[in-house]
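Q: Sequence:
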Amino acid sequence: MRLKFASYNIHKAVGTDRRRDPDRILAVLREIDADVIALQEADRRIGRRESVLPRETIEDYTPWRPVALNHRPDSLGWHGNALLVRRDITVVEAGVVPLPTLEPRGAIRADLMVEGQRFRVVGMHLDLSGLRRRQQVRTILDHLARCDGHCPTVLMGDCNEWSLHRGALSEFRAPWRLITPGASFPSRRPLGRLDRLVLSEQWELEEAGVHHSALAAKASDHLPVWVEIIQI
Numbered sequence: 087m088r089l090k091f092a093s094y095n096i097h098k099a100v101g102t103d104r105r106r107d108p109d110r111i112l113a114v115l116r117e118i119d120a121d122v123i124a125l126q127e128a129d130r131r132i133g134r135r136e137s138v139l140p141r142e143t144i145e146d147y148t149p150w151r152p153v154a155l156n157h158r159p160d161s162l163g164w165h166g167n168a169l170l171v172r173r174d175i176t177v178v179e180a181g182v183v184p185l186p187t188l189e190p191r192g193a194i195r196a197d198l199m200v201e202g203q204r205f206r207v208v209g210m211h212l213d214l215s216g217l218r219r220r221q222q223v224r225t226i227l228d229h230l231a232r233c234d235g236h237c238p239t240v241l242m243g244d245c246n247e248w249s250l251h252r253g254a255l256s257e258f259r260a261p262w263r264l265i266t267p268g269a270s271f272p273s274r275r276p277l278g279r280l281d282r283l284v285l286s287e288q289w290e291l292e293e294a295g296v297h298h299s300a301l302a303a304k305a306s307d308h309l310p311v312w313v314e315i316i317q318i
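Sequential numbering of the sequence shown, starting at 87, is according to the numbering used here.
Check each hint, because a few of them may be wrong.
Unchecked claim - What follows is a set of in silico ranges between Cβ atoms, one per label pair, in the way DEER data are often shown: (1) Arg252 <-> Thr102: 25 to 33 Å; (2) Asp103 <-> Pro261: 38 to 46 Å; (3) Arg259 <-> Asp146: 37 to 45 Å; (4) Asp234 <-> Gln317: 32 to 40 Å.
By construction, these hints were calculated from the structure, which means they are not laboratory data. The structure presented is a predicted model; accordingly, all values stated were derived computationally and were not measured. Even for Gly, the Cβ is constructed at its ideal location relative to N, Cα and C.
Based on the provided sequences and hints, a complete structural model is requested.
A: Shown next, in the form of structure tokens:
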């Protein structure tokens, strides 16, 4: 089973030109053409937390559908985190992962199935504080340890970690495998490798990269990152 996963902080669909353009974000997602996509900052932070990407547009004009979390009717996800999956992927179950935080951050989890094979995905947006990030990573790992059954798992998101090998992400010890596709922030002249993916031992990495198209350089302040992996 070969799948493509992508993570994208869409900055509430506001680009580097300061225009909010949901269609531009969806166009970038079509360029990436991943099977499973984790989005960060997909909802507004105040009020009713409405999605910045029209749900109807996603469902009618893209090959994906949002994973339902059923927390806020106008939101695409939870605390801005959302998951999109191809329509032929079965969503077995999904829920939120409450994180220790002083600001609206969070993580979400979904158990998915393709061709009878189950796998688990976590989308996350970690805190700006290094101490809080470390606590959040430990909380996510504790949550996964309590899940029913062990299965191939992919974690991905904006980790807000500038360090390449230290900091909060050092909590992902073997057999977890930390993937840093490259610099993804800021999108016009990327320097920071803030967007990461973490693989369980049941995956073999085929390819990884940062999607740096002309459209992606304007659509958000982050560039999307992606991996292609095979379940072994």
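Q: The structure should be examined with respect to each hint, and the outcome stated for every one.
A: Each hint tested on the structure:
A hinted range of 25 to 33 Å for the beta carbons of Arg252 and Thr102 is consistent with their spacing of about 30 Å. For Asp103 paired with Pro261, a C-beta distance near 43 Å keeps the hint of 38 to 46 Å intact. The hint said 37 to 45 Å for the Cβ distance between Arg259 and Asp146, and at roughly 43 Å that hint holds. Between Asp234 and Gln317 the beta carbon distance is about 19 Å. The supplied range of 32 to 40 Å is therefore violated.
In this structure, the one hint that does not hold is number 4.
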